[in-house]
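Asks: Each chain, written out:
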Amino acid sequence: MRLSEMGQGQSGKIVRIGGESKLRRRILEMGLTRGAEITIEKYAPLKDPLELVVRGSHISLRVNEAAEIDVEAAEPAGA
Amino acid sequence: MSMETRQLRIALAGNPNSGKTTIFNSLTGTRQKVGNWPGVTVEKKEGDIRKFEYDIKIIDLPGTYSLTPFSIEEIVARDFILDENPDVVIDIIDASNLERNLYLANQLRELDCKVMFALNMADVARSRGLKIDAVKLSELLGVPVVFTVGNKNEGLDDLLKTAADLANSPLVIPEERKVRYSKEIEAAIRELKATIRQHIGPAFPYNPRWTAIKLLEDDKIIKERLNQKAGPSTGVILAKAETLRGRLAKFFDDDPEIIMTDERYGFIAGIIKEVQSSSTRQRVDMSRNIDLVLTNRFLGFPIFIFFIWAMFQATFTLGAYPMAWIDAGVGHLSGFVAGLLPDGLLKNLIIDGMIAGVGSIIIFLPNILILFFCIALFEDTGYMARAAFLMDKIMHLIGLHGKSFIPMLMGFGCSVPAIIATRSLESRKDRILTILITPFMSCSARLPVYIVLAGTFFAAHAGTVIFCIYLFGIVVAIVTGRLFRTALLRGEDAPFVMELPPYRMPMMKNLMIHMWDRSRMFLKKMGGIILIGSIVIWALTNFPRYEAPGAMTPQMAAQSAALQAENSYIGKVGKIVEPFFAPIGIDWRGSVALLTGFVAKEIVVSTMGVLYAAEGDANSDALRDALRNSGMTPLSALSMMIFVLLYIPCLATIGAITRETGSVKWTLFNIAFTTGVAWTMSFVVYRGGRLLGF
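Taken in sequence, the protein lines are chains A and B.
The first sequence runs 1 to 79 under my numbering.
The second sequence runs 1001 to 1694 under my numbering.
Calculated from the structure, these hints are not laboratory results.
Careful, some of the hints might be misleading.
Chain A regions said to be covered by chain B (calculated; three or more residues, Cβ under 8 Å) [claimed, not checked]: (1) 20-28; (2) 31-38; (3) 48-59.
The list that follows gives simulated cross-link-like pairs (lysine-lysine, DSSO-like), each with its CA atoms no further than 27 Å apart [what the hints assert, rightly or not]: (4) B:K1429 - A:K22; (5) A:K22 - B:K1393; (6) B:K1220 - B:K1240; (7) B:K1033 - B:K1057; (8) B:K1183 - A:K13; (9) A:K13 - B:K1273.
Just so you know, these numbers come straight off a predicted model, no measurement behind them.
The beta carbon of each residue, even a glycine, is placed where N, CA and C say it ideally should be.
Sequences are here, hints too, so could you generate the full structure?
Replies: Written out as structure tokens, the structure reads:
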């Protein structure tokens, strides 16, 4: 599924990062690489951008940027 | 390098929010020089200190996440290390976020420079249950490592001592401790390295392995450098690099630079496993709880609006007191000078030209200090990133970045600090766009003009009219913003990808240094421009001399001032440009007032005071009566207000635009564009109003 489709509090693992090269590079350099585990911290009040936690840091992305990232969602916590 | 090195140049590198600025401030204190990096508007900070019998120059490189040449900051930082060869590069690493910080650290290691790590905010890391084995980290990466707590001055002596030792030891980062890439990439690096060695002699300044890696990553700047240094053989090397890139891309089914970034993080993950004993995935500290409130779905915006309101309250309400003192001070100075000098041109020049002109700008210093203090507070606590997070959706509709909001908002105060504040924007396009539309946010200097005109012609509805003028400015900013984005500054938006750093307690010392740096810039640069501008405008209004005949009564004195203005160069210019202003309902006196407003918008009112021959204070009822009797109508007053709102920004703003865009072209464009928009809008309103019978 796409990162942008994940709900608040959901976790997952990055499978693939698409998008135009500059954006991709940027995303990668912030630690969002293939295999990295991420958790959606929250969405902004207007539903865009979103905030996620990766490698211990909090990163914000626009929803259309997050749509370029494919993730494998983990089972919801506690389920 | 000799063992007798007594001069050291140490560069500080590091991620944003790694506490680099705090360490720089603690090391150098007030002995800082702030300037710009050559050719770009990225702040350059340096400080000279004496320690352990060394003269140490500390250079604060821009905070970056990486050294790929995508942003100006990254290019500046890398060029400095490559070309200026500092004796030591200290990478300030946020110990509580080791993994992400090691990315830049490894890029620094790949450059041939003497690098060492400062594991900063070691106390925070410890409190989060993170244990870092510094000895092992140092061993694994072949780099000296020191623990520091920047805001408590801990470990700084140790840091400098280690740096001095490193400077005096030979450069060795053993090849086998560098990042190892996968077999295919290493093979490509080897081949390209061989080609480089074969075609360029040992004179080539950069490490061949590093150069090979950069070429495989398609690094534009290194390609250019290669061209300059390697001459004719560049073609061969670049062709080889291209072939290898193609091969790798085919093998991995992805761009080589992406694979290499992946693998660097892979290497880092391995290091982390060895040196860090517990890893927290989520912030379990105060910071997260604070964020639950400050970016809450319902509370986020009200709180944001409250902070902004508080900032403006502080700026203008608190600022009003020192403003009054400065005003009185300037008055005293004029009085004092008046007492010293005999009546005449010189006295006139110094009092009406220089003191009044510069005084009209200096008076904004308290506002600017407070505004910058608040901005520094927002930045240093980490709230600024949240403001961008909240506002991005809205700003994105105009084609802007969330961070553009703050500069635009500051524009209601004064365009000059607002334009300087665009420095927080990463993308040059976003910066230029924000700079171009910020002057449409009606600055406080324009308010006196509205008060006089709206007060005179719309008496009971003056408040509503002024509010509408402000609103109109915002609408024009939005519309032109969209227009520029689609027509002039096209291209994809800068990625929003941004770190939301943990909230931190700001340090007073940092806040003060931050505030003062920017304010000093305002004083120095704008002071000079304003002084010259004021003298020019003064000369244009006072020459050629018009001598009033006979003795002077107060009425005659006012009359004579008006006659002087009418017969001066600027009066003549006013008459010349009258046809330009006539279609929008402004007579020659209004035209002259608008021309003088170029120096500073407040001057419009005082010029009107002189030209409409009002006696006494320009704000007095006399000016209102004079205006009413001058043939001005509510409609032409409205037209003039719209013109004042939109036309050419003041001289200080023009200066700021030139400095911050680094381009005369954009400045001229802005002047032409704003004036064009102002005239068109006033024309539409005035002529439209006439047609409707007003």
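Asks: What are the numbers of the hints the structure violates, in ascending order?
Replies: Nothing - there is no hint that the structure violates, so all of them hold.
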